[in-house]
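Protein sequences, first through last, are from chains A and B. Using UniProt numbering, read the first sequence as starting at 1 and increasing by one per residue. Using UniProt numbering, read the second sequence as starting at 1 and increasing by one per residue.
Think of the hints as simulated: they come from the structure by calculation, not from any bench. Some clues are possibly wrong.
What the hints assert, rightly or not - EDC-like, lysine to aspartate or glutamate: derived pairs with alpha carbons at most 20 Å apart:
(1) B:Lys87 / A:Asp56
(2) B:Lys108 / B:Glu95
(3) B:Lys108 / B:Glu230
(4) B:Lys215 / A:Asp56
(5) B:Lys87 / B:Glu58
(6) B:Lys123 / B:Asp111
(7) B:Lys108 / B:Asp88
(8) B:Lys216 / A:Glu201
(9) B:Lys123 / B:Glu230
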Amino acid sequence: MATLSDSAGGGGGGRAGAELMVPQFHLKALHAILAVRAPRPLAAAPAPAASFRRRDRWFHLPLHAPPPPASAEHLPEPSPGEPLVVDVYLTPSGGGGGAEAVVERWTVSCEPWSAGARGGGGAAASGEGLAVNRAYKRCITLLRSVYTALRLLPAYRVFRLLCASGQAYNYEMGFRVGSFAAPFTRAEEAAMSTRRFAPVETQLGRLVVSVQYLPSLAAFNLEICSLAPAMLITDYVGSPAADPMRAFPASLTEAASSAPAFPPRRPNSWAPSPAPWPYTPGQQAKFSPPPALYASPTPSPPTFAGGYLQSRLSGETAPMIIPGGGRGPVHNRNMSDPVRGFMLPPPSPKNIRGDSGGHETPMETGRTGIRMADLYTNLPSVPKIKIKDSRDESGRFSGVFSSSGSPRLGFSRSSSRLSMQDDTDDLDFPFAVDDVDTPDSRPGSSGGKDVGDQASSSSHKSQDAAVGYLVHMLKSARPLRDSSNSPLTSRVESVEGGNVSSFMSRRTSDALEELESFKEIKENLLARSRSRMQESLDKSLRHS
Amino acid sequence: MFCSSGAVGYQSPEYFCGNPTGFLSLYIIRNFIWLRLLIRRFGVAEMNCETCQLKELELEPREIKDVLRCILHTIFFHRTLSLVRPKDFDCDFFEITYVQCGLPELEKEVDEKINQFVAWVEKHPNRSSQVCLSFFDEKNKLPSWFGNKTERIYWEQWFINLHVISPKRHGKSHSSKALTNIGGQALEESSSRRAALESSIHEVLFQIINFANEKKDHIPPIPDRIFNHEISIPSSSDSMFGWNTDVLRRVLNSGHPYSL
């Protein structure tokens with residue numbers, strides 16, 4: 001791009017850029033063709049340094065491997081506006097009277113636009129600049145295609161054979177450059193294949209490149225001249241007779257002496273002889289770098305799994321800490337011996353305190369009361385539990401009284417109370433019962449006092465009382481199932497509500513659609529009825 | 001009186017004939033709505049990405065490197081519009097000379113991908129596979145909660161189709177001695193197969209040349225280096241689904257090509 005901008009700036013406009021670009025493309029194409037179609041000892045022309053001349057940077061494709069022949073520099077540049085024709089031919093060696101056979105004909109031409117197109121092409125300077133840039137980009141690709149095709153066509157193999165130093169063949173390859181060439185005969189035309197590259201549109205016209213070539217050169221029977229039979233015999237006899245290891249260094253020395261490594265090896269691979277096979281591993285080693293380690297691309301699954309597990313663990317560990325600490329002392333103090341066995345896993349110091357408290361019967365009540373007070377003060381959730389417990393007790397009494405008066409209300413209240421009792425049972429129901437009974441008896445009526453007395457009498461009986469309480473708890477636990485059913489029913493109701501709402505929305509949308517369709521039907525009917533009425537009126541008038 | 005009765009008679013068939021028209025109109029409206037939705041979807045899915053499916057080549061495992069190097073470097077040579085230092089390379093098993101861009105890093109990358117593909121072929125023998133070379137342009141998206149991201153806009157994709165067959169006919173040994181010991185018929189078969197493959201490779205290379213010159217308008221401006229590219233090879237999971245995977249990959253590649 002820098003080169004193009006410089007040239008465009010120097011030229012003073014987009015058209016000037018195009019005027020420079022087209023001749024440069026012709027010249028570049030000519031050099032590219034001659035570089036691989038003019039046989040010569042390639043050793044005499046080594047690859048140049050990394051830096052290229054400004055001229056070499058045209059179309060971002062320096063021609064240095066191999067460079068164009070020296071004779072190309074002396075050729076006159078193609079005149080502007082005229083096509084460039086390059087004929088590559090084979091002629092018998094020796095310069096005798098043998099006829100030349102054209103094996104390739106390259107044509108590079110710039111077909112000018114018609115008058116109308118030119119008028120349309122005359123745009124603003126910026127437009128011309130953009131067009132030149134676009135054309136330049138396309139010329140880059142086109143030149144690369146020519147460069148590649150030159151190496152794929154059959155004549156390239158002949159070129160490589162003839163470039164091999166130290167050998168003479170029965171044919172020579174030559175070229176002619178001009179702006180026109182003699183047309184092929186019908187037979188030659190039929191034998192030729194044609195390849196036409198996609199043209200590039202420029203300000204000056206359409207840049208077209210095409211090539212006509214012989215698809216097969218087997219008819220020429222290229223052979224090495226018999227002028228040097230001694231050398232050939234020596235090479236061929238030495239290879240199979242000697243060991244492969246010994247033969248390899250010999251070939252290397254020959255290659256080193258001749259400087260280029262490709263020419264002597266390449267003919268061997270093409271020639272129908274066993275010689276190329278020993279070179280195959282060498283070539284493979286040369287062109288194939290050491291293989292890279294193949295790593296499996298699966299790092300993300302284990303990371304995700306780890307994170308998921310961590311999240312699960314964190315979720316599970318959080319709720320386990322609180323209930324374990326809260327339940328231990330409560331269960332230990334109230335349960336009998338078999339119950340104590342089940343509750344042994346809780347912390348041992350509290351167990352020791354419980355045992356010591358159990359031995360002293362007269363002091364048990366006071367000590368347990370003090371410890372309970374300490375626990376309640378330490379735990380922040382204690383007041384809530386107390387409130388719930390008091391509510392439960394009041395609920396029980398109210399339930400009993402209400403059942404005698406109104407059975408329906410009593411049933412509903414009892415169910416709600418039982419659910420609350422279930423929540424408290426898991427935490428510290430026994431303690432709550434003992435603690436709450438005493439204050440209730442004092443402010444309560446005579447009935448309350450009787451209940452208090454019964455509680456005190458039951459507390460005196462250690463084991464029997466504990467068993468009785470356990471049985472009572474088990475009996476009271478039964479309503480858990482009944483109470484659990486109610487939230488399920490509520491959930492079902494909510495689901496039904498959602499269905500109803502979605503059903504209503506669907507009905508509404510369907511109704512709207514039907515309404516629109518009915519409106520259309522109505523309009524159609526009205527229109528038709530009007531037309532029919534008019535027709536009927538007309539008919540009636542005619543009849544009358 | 002007679003006229004009025006006639007008018008009444010005419011009205012009744014009109015009501016009867018009107019019903020099918022209404023249903024038809026409703027049907028048309030619904031189809032129109034669906035068509036609108038489809039158009040929107042297809043409109044969103046459309047992308048300006050040129051795609052070239054190269055001819056399938058049937059080859060042996062030892063020929064994979066030659067073939068892939070030849071094809072990939074030819075494509076890169078045509079799609080590298082910046083300054084290059086072209087170098088000629090000869091294939092090991094074929095009389096074909098291809099051109100590289102003279103970029104050591106690119107050569108290394110291509111060889112690494114080819115080695116990965118060879119490893120895949122060793123695990124999945126006798127199977128048709130596809131190597132995809134994609135050229136894309138990166139654009140920065142607006143900053144989001146997850147930070148700045150770049151979006152890849154693919155503007156050209158080349159699908160190299162290969163069918164690798166096991167060399168059972170020629171035995172397991174590939175040394176020159178073994179080759180010389182092979183019978184004449186086997187040698188003829190090998191040479192004819194190789195000649196056919198060489199001819200097919202020529203066709204593929206000229207296919208690349210033609211496509212590269214016919215499709216030029218979609219190429220973005222020339223950067224100072226090689227275009228952003230991506231070479232995709234089949235992954236191990238493809239073998240489980242077989243043919244369906246190829247179809248799925250092609251469908252996905254129409255918008256967002258498959259990548260490792």
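For each hint, the structure was consulted:
Taking the CA atoms of lysine 87 of chain B and aspartate 56 of chain A, the gap is about 15 Å. The hint holds against a cut of 20 Å. Restraint check for lysine 108 of chain B and glutamate 95 of chain B: not satisfied, since their Cα atoms lie roughly 23 Å apart, outside the 20 Å limit. Only pairs whose Cα atoms come within 20 Å are accepted, and lysine 108 of chain B paired with glutamate 230 of chain B is accepted, the gap being roughly 14 Å. With a CA separation close to 26 Å, the supplied pair lysine 215 of chain B and aspartate 56 of chain A exceeds the 20 Å bound.
Of the pairs offered as hints, the one joining lysine 87 of chain B and glutamate 58 of chain B is violated, with about 27 Å between alpha carbons and a cut-off of 20 Å exceeded. The straight-line distance between the Cα atoms of lysine 123 of chain B and aspartate 111 of chain B is roughly 19 Å, inside the 20 Å bound, and the hint therefore holds. With a C-alpha separation of about 16 Å, the suggested pair lysine 108 of chain B and aspartate 88 of chain B falls inside the 20 Å cut-off, and the hint holds. Only pairs whose Cα atoms come within 20 Å are accepted, and lysine 216 of chain B paired with glutamate 201 of chain A is accepted, the gap being roughly 12 Å.
A hinted pair counts as satisfied when its Cα atoms are at most 20 Å apart, and lysine 123 of chain B with glutamate 230 of chain B does not qualify at roughly 23 Å.
Checked against the numbered hints above, the structure breaks hints 2, 4, 5, 9 and satisfies the rest.
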